[in-house]
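*Asks:* What follows is each chain in one-letter form.
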Amino acid sequence: DMKVTQMPRYLIKRMGENVLLECGQDMSHETMYWYRQDPGLGLQLIYISYDVDSNSEGDIPKGYRVSRKKREHFSLILDSAKTNQTSVYFCASSSDWGFNYAEQFFGPGTRLTVL
Amino acid sequence: GQQVQQSPASLVLQEGENAELQCNFSTSLNSMQWFYQRPGGSLVSLFYNPSGTKHSGRLTSTTVIKERRSSLHISSSQTTDSGTYLCALERNAGAKLTFGGGTRLTVRP
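One line per chain: the protein sequences are R and C, in this order. Residue numbering for the first sequence follows my numbering, beginning at 1 and increasing consecutively. Residue numbering for the second sequence follows my numbering, beginning at 116 and increasing consecutively.
Calculated from the structure, these hints are not laboratory results. Note that the coordinates shown come from a computational prediction; the quantities given were computed from them, not determined experimentally. Cβ coordinates follow ideal geometry from the N, Cα and C atoms, glycine included. A couple of the hints might just be wrong.
Which bits of chain C does chain R cover? Going by a derived footprint, with three or more residues having C-beta under 8 Å, they are [to be verified]:
(1) 156-167
(2) 211-222
Computed, partial: chain R to chain C, Cβ under 8 Å [said to hold, decoys possible]:
(3) 48
(4) 52
(5) 104
Isolated chain R (complex conformation) (with noise of 0.2 Å):
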């Protein structure tokens, strides 16, 4: 069953505090994505990643860090969460990332909200 899964679904942090918000795939997609969605402003790409140790900054990178050892597992940490960083996180994965079509696949979302 081809799949995306984050965890936790829901997170309420306190300013200052550190977040990890962790996502996994069954695909063996090598190239995997973080987004964050805010109010009429669709998705925006946070970081990319081609695949183990080959993350690449997206659009709005500022305030975040990710981690990649696993060709399955993505991870997106926020060190001293800041009360913008408000959203809704979504991670997908993809099985190409070159020349060809590669249709993104999206996991449930996380919703943080920070205080």
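Put chain C on the given structure of chain R with help from the hints.
*Replies:* Coordinates of chain C only, in the frame set by chain R:
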């Protein structure tokens, strides 16, 4: 300004009516993708459509590159079509997507 703009922002239909959702982009593209986002969050890919017209059941996607627009047509809408429809521009062959703000569709019985 925003590279990808969707209209309308929201739309309410009676079941059985048709809908036309628009996506306009201000930059060159490698491809255009349409997604459906269920109430509650998860996204499902509907179409990958770099140009021309594609059909899938009651859905039709048309991308006209020289006019910098793509549309999603939903015929004979159903209540289960309710949700948010997102278009996303693939700017080059590097798989980075730029999303529009979405159209929130409500289909009433």
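*Asks:* Hey, does the residue 48 of chain R contact hint survive, CB to chain C under 8 Å?
*Replies:* holds (7 Å)
*Asks:* Is the interface hint satisfied for residue 52 of chain R? The criterion is a beta-carbon contact with chain C at less than 8 Å.
*Replies:* violated (17 Å)
*Asks:* Tell me if chain R covers the segment 156-167 of chain C under the three-residue, 8 Å CB rule, please?
*Replies:* holds (count 6)
*Asks:* Would you settle whether the hint for residue 104 of chain R is holds or violated, based on the nearest Cβ-Cβ distance to chain C being less than 8 Å?
*Replies:* Because about 7 Å separates residue 104 of chain R from the closest Cβ in chain C, which is inside the 8 Å limit, the hint holds.
*Asks:* Please verify the coverage claim for the segment 211-222 of chain C: does it have three or more residues whose C-beta sits within 8 Å of some C-beta in chain R?
*Replies:* holds (count 7)
Figure legend: structure checked against the earlier numbered hints; the only hint not met is number 4.
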